[in-house]
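Chemist: Chain V is fixed; fit chain L onto it per the hints.
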Amino acid sequence: MAGPSIDALGQFRLTTGLGPLGASVNFTNSNEAMLGAAAIIIGLFAAGLRARAIIPGRAQALVEILYEFIRSMCLDTIGEEGMRYFPLVFTLFSFILLGNLIGLFPYFFAFTSHIAVTLTLALFVFIFSTGVGFYTHGFKFLKFFVPEGVPAWLLPLLVPIEIISYLSRPVSLSVRLFANMTAGHVMWEVFAGFMLLLTAGLGIFGVIASIIPLGLNVALVALELLVAGLQAYVFAILTCLYLHDAVHMH
Amino acid sequence: MDPAQTALLAKDIGAGLATIGVAGAGVGIGNLFGAFVSAVGRNPAARDTMFRDVLLGFALTEAVALYALVIALVILFT
Numbered sequence: 000m001a002g003p004s005i006d007a008l009g010q011f012r013l014t015t016g017l018g019p020l021g022a023s024v025n026f027t028n029s030n031e032a033m034l035g036a037a038a039i040i041i042g043l044f045a046a047g048l049r050a051r052a053i054i055p056g057r058a059q060a061l062v063e064i065l066y067e068f069i070r071s072m073c074l075d076t077i078g079e080e081g082m083r084y085f086p087l088v089f090t091l092f093s094f095i096l097l098g099n100l101i102g103l104f105p106y107f108f109a110f111t112s113h114i115a116v117t118l119t120l121a122l123f124v125f126i127f128s129t130g131v132g133f134y135t136h137g138f139k140f141l142k143f144f145v146p147e148g149v150p151a152w153l154l155p156l157l158v159p160i161e162i163i164s165y166l167s168r169p170v171s172l173s174v175r176l177f178a179n180m181t182a183g184h185v186m187w188e189v190f191a192g193f194m195l196l197l198t199a200g201l202g203i204f205g206v207i208a209s210i211i212p213l214g215l216n217v218a219l220v221a222l223e224l225l226v227a228g229l230q231a232y233v234f235a236i237l238t239c240l241y242l243h244d245a246v247h248m249h
Numbered sequence: 000m001d002p003a004q005t006a007l008l009a010k011d012i013g014a015g016l017a018t019i020g021v022a023g024a025g026v027g028i029g030n031l032f033g034a035f036v037s038a039v040g041r042n043p044a045a046r047d048t049m050f051r052d053v054l055l056g057f058a059l060t061e062a063v064a065l066y067a068l069v070i071a072l073v074i075l076f077t
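If you read the sequences in order, they're chains V and L. Numbers 0 to 249, taken from numbering that gives the first Met the number 0, label the letters of the first sequence in order. Numbers 0 to 77, taken from numbering that gives the first Met the number 0, label the letters of the second sequence in order.
Calculated directly from the structure, the hints in this document are not laboratory data.
Taking beta-carbon pairs under 8 Å as the criterion, some of the chain L residues facing chain V (in silico):
#1 Leu54
#2 Leu55
#3 Ala58
#4 Leu68
DEER-style ranges, computed between Cβ atoms:
#5 Ala52/V / Arg46/L: 30 to 38 Å
#6 Lys139/V / Pro2/L: 56 to 64 Å
#7 Pro43/L / Lys139/V: 40 to 48 Å
#8 Thr48/L / Phe107/V: 33 to 41 Å
#9 Ala208/V / Arg46/L: 39 to 47 Å
#10 Tyr106/V / Met49/L: 37 to 45 Å
#11 Met248/V / Gly13/L: 39 to 47 Å
#12 Tyr165/V / Asn30/L: 21 to 29 Å
Nothing here was measured: the structure is a model prediction, and the numbers come from that model. Each residue gets a CB set at the ideal place from its N, CA and C atoms; glycine is no exception.
With the rest of the complex left out, here is chain L:
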């Protein structure tokens, strides 16, 4: 196969591999909301104050997944 085509294929494979990082963020978000649900089960009165922190944690965790996505996009489009 000619090298330019191989390079393109490798690019696609690399972008695919870069998205594996999203799995970690999935675990993180699952953990976060799992802990939130069990905490609300123990102390329903604290739900509102906890939910603010959960939203912050959610956004911070989601950002990690998006870093992986940015890397995949950079690999694909540059």
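The shape of chain V in the complex, shown without the other chains:
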């Protein structure tokens, strides 16, 4: 095909950042975005909690809303032991949320659109929640895979299904986040590519017609903003659900 073509996946390519020093230790743009996300969270909390006012200002109110949101999620989902796992859930939520939000800006890198990153996070959650299960219940945790109240002759069928569904948790947790972010960015790229194709193919008429994909891209920004928050929420609440399973075994 002549003329411009759509390179939908080129935006996820890793490059080394921070000049020659970064190149020598393979410090990628993904790592830059991660450091940026962590710095923004820490900076936001440092700025918000400096005043410690009884009537919070804007920054403090934002920090308190985030804290209260995750706190009630932990307590509602995990139960009264929820606060023990609050730091983990809050860290995961804010890291993923900031990663998704940073990726929304043009020329910024969405590190959550890499399966390596999301799978690492998901495997950590999976191994941690399994560890919590064995720590609190010992080997009785294996009873988690034996559903209650079913006839014994069904167990040889049900136990493998339960084990497979348990083992597929990290896969679904990571692929969900990765696929959502990747799909959103690919959609942007495709619609932006339509603009290039239109102007190359139709000249001045194509420039006018490009308003349509541009408008769609603007609407997609709103959708992606929703998805960025929603996926961070889903990741956090599924972490809570898995921890609930580990603590309460049902």
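Modeler: Then chain L, alone, in the frame of chain V:
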């Protein structure tokens, strides 16, 4: 036709077929929000508590569509 070209064509057809799975997710999301709207019609006071579960269900259903998309992308780009 030479085999390499046929393989490329088959790749495109396969990727197209893989996206059929999205139809199921469309039905699921429609069901989800349809049920939500009728539930809010019956009990408007419970809207906020229900909406949280709806968002979770929406994200889980949407993920199924994205699995199909990932498979299509894997077929296309590997």
